[in-house]
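Protein chains: 2
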Amino acid sequence: MRIPLEREPGRAEGPVYRQIAAHIRTEVEGERLAPGSRLPPIRELAAELGVHRDTVALAYESLAEEGVVESAVGRGTFVRGGRDGDVAHGPPALSALVERLLDFERARPRFGSAEDAVPMHALVPDPALYPADAFRRVLNRVLADGGAELLRYGGPQGHQGLRAVLAGRLRRASTRVEADELVLCHGASQGISLALRLFTEPGDVVAVEDPTYNNALAATLGLGLRTAPVPMRDDGLDLAALERTLERPEVKLLYTIPTFHNPMGTTTSLAHRRRLLAIAERCGKPVIEDAFESDLRFDGRGVPTLAALDRSGHVIHLYSFSKSLFPGARVGAILARGRLVDGLLALKQATDLSDSIPLQAALAAFVDGGHYDRHLGRLRKTLRARRDAVLASLEVEMPRGTTWTTPQGGFQVWVALPEGIDTSDLLADAVGAGVLFAPGSQFHHDGRSSRALRLSIALADEAALRRGVAALARVVRARMGDAPRPERVHV
Amino acid sequence: MRIPLEREPGRAEGPVYRQIAAHIRTEVEGERLAPGSRLPPIRELAAELGVHRDTVALAYESLAEEGVVESAVGRGTFVRGGRDGDVAHGPPALSALVERLLDFERARPRFGSAEDAVPMHALVPDPALYPADAFRRVLNRVLADGGAELLRYGGPQGHQGLRAVLAGRLRRASTRVEADELVLCHGASQGISLALRLFTEPGDVVAVEDPTYNNALAATLGLGLRTAPVPMRDDGLDLAALERTLERPEVKLLYTIPTFHNPMGTTTSLAHRRRLLAIAERCGKPVIEDAFESDLRFDGRGVPTLAALDRSGHVIHLYSFSKSLFPGARVGAILARGRLVDGLLALKQATDLSDSIPLQAALAAFVDGGHYDRHLGRLRKTLRARRDAVLASLEVEMPRGTTWTTPQGGFQVWVALPEGIDTSDLLADAVGAGVLFAPGSQFHHDGRSSRALRLSIALADEAALRRGVAALARVVRARMGDAPRPERVHV
Numbered sequence: 001m002r003i004p005l006e007r008e009p010g011r012a013e014g015p016v017y018r019q020i021a022a023h024i025r026t027e028v029e030g031e032r033l034a035p036g037s038r039l040p041p042i043r044e045l046a047a048e049l050g051v052h053r054d055t056v057a058l059a060y061e062s063l064a065e066e067g068v069v070e071s072a073v074g075r076g077t078f079v080r081g082g083r084d085g086d087v088a089h090g091p092p093a094l095s096a097l098v099e100r101l102l103d104f105e106r107a108r109p110r111f112g113s114a115e116d117a118v119p120m121h122a123l124v125p126d127p128a129l130y131p132a133d134a135f136r137r138v139l140n141r142v143l144a145d146g147g148a149e150l151l152r153y154g155g156p157q158g159h160q161g162l163r164a165v166l167a168g169r170l171r172r173a174s175t176r177v178e179a180d181e182l183v184l185c186h187g188a189s190q191g192i193s194l195a196l197r198l199f200t201e202p203g204d205v206v207a208v209e210d211p212t213y214n215n216a217l218a219a220t221l222g223l224g225l226r227t228a229p230v231p232m233r234d235d236g237l238d239l240a241a242l243e244r245t246l247e248r249p250e251v252k253l254l255y256t257i258p259t260f261h262n263p264m265g266t267t268t269s270l271a272h273r274r275r276l277l278a279i280a281e282r283c284g285k286p287v288i289e290d291a292f293e294s295d296l297r298f299d300g301r302g303v304p305t306l307a308a309l310d311r312s313g314h315v316i317h318l319y320s321f322s323k324s325l326f327p328g329a330r331v332g333a334i335l336a337r338g339r340l341v342d343g344l345l346a347l348k349q350a351t352d353l354s355d356s357i358p359l360q361a362a363l364a365a366f367v368d369g370g371h372y373d374r375h376l377g378r379l380r381k382t383l384r385a386r387r388d389a390v391l392a393s394l395e396v397e398m399p400r401g402t403t404w405t406t407p408q409g410g411f412q413v414w415v416a417l418p419e420g421i422d423t424s425d426l427l428a429d430a431v432g433a434g435v436l437f438a439p440g441s442q443f444h445h446d447g448r449s450s451r452a453l454r455l456s457i458a459l460a461d462e463a464a465l466r467r468g469v470a471a472l473a474r475v476v477r478a479r480m481g482d483a484p485r486p487e488r489v490h491v
Numbered sequence: 492m493r494i495p496l497e498r499e500p501g502r503a504e505g506p507v508y509r510q511i512a513a514h515i516r517t518e519v520e521g522e523r524l525a526p527g528s529r530l531p532p533i534r535e536l537a538a539e540l541g542v543h544r545d546t547v548a549l550a551y552e553s554l555a556e557e558g559v560v561e562s563a564v565g566r567g568t569f570v571r572g573g574r575d576g577d578v579a580h581g582p583p584a585l586s587a588l589v590e591r592l593l594d595f596e597r598a599r600p601r602f603g604s605a606e607d608a609v610p611m612h613a614l615v616p617d618p619a620l621y622p623a624d625a626f627r628r629v630l631n632r633v634l635a636d637g638g639a640e641l642l643r644y645g646g647p648q649g650h651q652g653l654r655a656v657l658a659g660r661l662r663r664a665s666t667r668v669e670a671d672e673l674v675l676c677h678g679a680s681q682g683i684s685l686a687l688r689l690f691t692e693p694g695d696v697v698a699v700e701d702p703t704y705n706n707a708l709a710a711t712l713g714l715g716l717r718t719a720p721v722p723m724r725d726d727g728l729d730l731a732a733l734e735r736t737l738e739r740p741e742v743k744l745l746y747t748i749p750t751f752h753n754p755m756g757t758t759t760s761l762a763h764r765r766r767l768l769a770i771a772e773r774c775g776k777p778v779i780e781d782a783f784e785s786d787l788r789f790d791g792r793g794v795p796t797l798a799a800l801d802r803s804g805h806v807i808h809l810y811s812f813s814k815s816l817f818p819g820a821r822v823g824a825i826l827a828r829g830r831l832v833d834g835l836l837a838l839k840q841a842t843d844l845s846d847s848i849p850l851q852a853a854l855a856a857f858v859d860g861g862h863y864d865r866h867l868g869r870l871r872k873t874l875r876a877r878r879d880a881v882l883a884s885l886e887v888e889m890p891r892g893t894t895w896t897t898p899q900g901g902f903q904v905w906v907a908l909p910e911g912i913d914t915s916d917l918l919a920d921a922v923g924a925g926v927l928f929a930p931g932s933q934f935h936h937d938g939r940s941s942r943a944l945r946l947s948i949a950l951a952d953e954a955a956l957r958r959g960v961a962a963l964a965r966v967v968r969a970r971m972g973d974a975p976r977p978e979r980v981h982v
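Residue numbers (the numbering used here), protein chains in the order written: chain E, 1 to 491; chain H, 492 to 982.
Chain E on its own, in the form it takes in the complex (with noise of 0.2 Å):
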């Protein structure tokens, strides 16, 4: 919800509650939010807002008084039915799914009124560093040569010459493959979709790490699944519980992120994965690996990835160029073995018959000539410094009692604050202090509170990156010189 606040005293119409007041009021009236609907969260919406919690639940409670929401306990507030009762007239209902799923895209935090903040919070790289011209001079030729021929549906399987091409560049990081044991897709993000469905019913649990990814939290939860979580250590999956989460039958698979995990930054040993294959094999259970992030390692050796250890065709593994090269190709490749592949190509000619073949015909072209390996090498020592300017900050800025991962590659560091400081909280006070993170409870199945946070090194240059770190320790200390304040209870 985007409500315009005027918080200079002398200009604004009346205090902050009230204008946010005002502002739903209004959508009620004008019918854009609909009887029944739920407001957000205080927590969410404070945070969107940049304002305290009890600003938001003022309002609230204003609202409430006047007949326009109610709160029901435990399930939030809700804007009171309409005028007339003639249900079978109003607009269709949504089903339960994805009003679930809307929750969930509801608690995400929103950095709309922040504009000048350092960027820390997204997975987004850099434009700055886009090859775009390059990319633009190659797609050009290709559509010059290839003309209407690529213009043509093109199949689920996605362009061969690709295939070919991330093939041979999987084969030289020892990944045995041939380029039809690649489906191509549209980012990691829907090879991560396809792959969910080819081992599961609605219903299914499928076993993700915790913390993890919150979109492929979101994914699950879209195709109506469950999650069983298990705990992340610093070296990676806690390795007991996660076998005794595969030994259930009603758990499906494994979704994991060995390299350069997200939120955590870290990167799995070799002995851990020979560990964590052995066990899915021994359970029968497949395993996602997303290597989202592979190519952006510019720190320490490479260690072989799940896929290429898999010698009973038990890994799913995800590629993407969204995050080493643009996300604006959208591709994505997911690497599979013998009757997976046909699974993936009837679920993705069920779900959106091919890709765009030009945008990967030109990715084929620019990463034969040379372009994306010269790319990649700017880019890794552009993250180096990037990182390397993190850390150092952490080091120098952040209060006794916080610790961070050190990652050897991708945008991620992951920053466990002092006991006691909830980080969903602190993210109004860091807007307001000029710096954007990713609260630790988005990437937990179950939203819970969390005292980490995901930093992001992608969008901001060394010198903002040092501000942001700075504004964060200021924040932090903040908080921990407040004395403890009483929760209000709000109903």
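Quick caveat, the hints were computed from the structure, so don't treat them as lab data. Check before you lean on any hint, since a few could be wrong.
Said to hold, decoys possible - Distance windows between CB atoms, simulated:
1. A22/E - G861/H: 26 to 32 Å
2. R717/H - E61/E: 29 to 35 Å
3. G791/H - E250/E: 53 to 59 Å
4. E557/H - R282/E: 32 to 38 Å
5. G861/H - D368/E: 49 to 55 Å
6. R662/H - G155/E: 48 to 54 Å
7. H543/H - G155/E: 24 to 30 Å
8. R717/H - G401/E: 55 to 61 Å
9. G521/H - A385/E: 48 to 54 Å
10. S760/H - D54/E: 55 to 61 Å
11. G155/E - E497/H: 49 to 55 Å
12. D594/H - S37/E: 38 to 44 Å
13. R724/H - G369/E: 56 to 62 Å
14. R169/E - R958/H: 42 to 48 Å
As the list claims (entries may be wrong) - Far from chain H, by Cβ distances over 10 Å, these chain E residues were calculated:
15. L198
16. D204
17. E419
To be verified - Incomplete in silico selection of chain E near chain H, CB under 10 Å:
18. A96
19. Q190
20. Q349
Every residue, glycine too, gets a C-beta built ideally from N, C-alpha and C.
Following the hints, put chain H in place on chain E, whose structure we already have.
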């Protein structure tokens, strides 16, 4: 299954059935066909290879005698079990839902061995008509102007400029719509998936036309939905049957193609649309209106879309550039109202985050610059001449008892042959005679045999279309002259 066949007796390595058996044996020995996997049904493999069903049956029988495969009554023919029983180390099993989807896909006719035949089977627009060069120039300019910003994540709703352009076009066609009521997607095909998911949970039932678009049937199957078929009449859905179906509580929505129906080519009247909408509203069930060929009217007056007549927000309208321009941009749009837009955005985000913005931005400029309308003018003229050629040929060539529809737009003509002919059976003969068509069975939810077939004018020019119809007439007459042959029984 692609099996290279040598049909010239002098060069062949034995009769065709032995070539088929040898190929399958090699696949099993090379472990490309895994133990337990199901061979294609006899009818489908025969159609795919352009051979008689007896030939395939003979091949399967000889493989069964060798112990390579085994048949299970009513279930099909399967590769016999592997050498070791250690199932835990075999590749992971696909979900039952994906297995059903693979069965469905396997039943599609394949046309691999028929390169010289007139292609009247597919709704793929003719690449000879694509304005590929004009589009390339616009895309190149848009990327040069927009640069790296166009290559970021686009957000789940898609390019604002293209949404504004499309909303303007829809308004001129009398559908009241704002740009923020459109969600861009990956062709109308992805639109079908997303719209189905908006209102259903797995296990729910969706009302579909019988016959209907086969990929819509695949989409429902892939989502774990069941279908309630409603009979199509010459003037559209049987509305009494529709009402009985939509009254069932487990039926959650209707999927319909009122304009240039696929596969029938028919368009419903304004009165029929009004009655259909009134039924849907009374039952409180949303309607997915697939308008995938709506820009391809070349004859008669346009009828307002269901979306234009909808006053209660029950209609989800799907638009596509895939047939009217080319499929390769993979751009379609979903028109929805109010909270349905929120639901679609959450689903799109959970499925693949966003589409590729450069292609959408280029399409916006292409339409805005008048290129699209100029292309449509040429295309409609061409399609009208092609339709006239097909209808004239049908009149001259086909035996008495054949009937067909007269489309006012789009690519498809629906032909019903005289009683007693199964068009799935006829396909192998037709391939041999030099024409491809889509047999009616593939448009029925249950794949039942049909004496109807769909002819497409999308890909072949007038002379080829006349040859194609003449070839079709020849095989129909030959079949009608045949004495009825006793079916061989295969268990």
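(request) Starting from the hint list further up, note which numbers the structure goes against and sort them upward. (result) 1, 2, 5, 6, 11, 15 and 16
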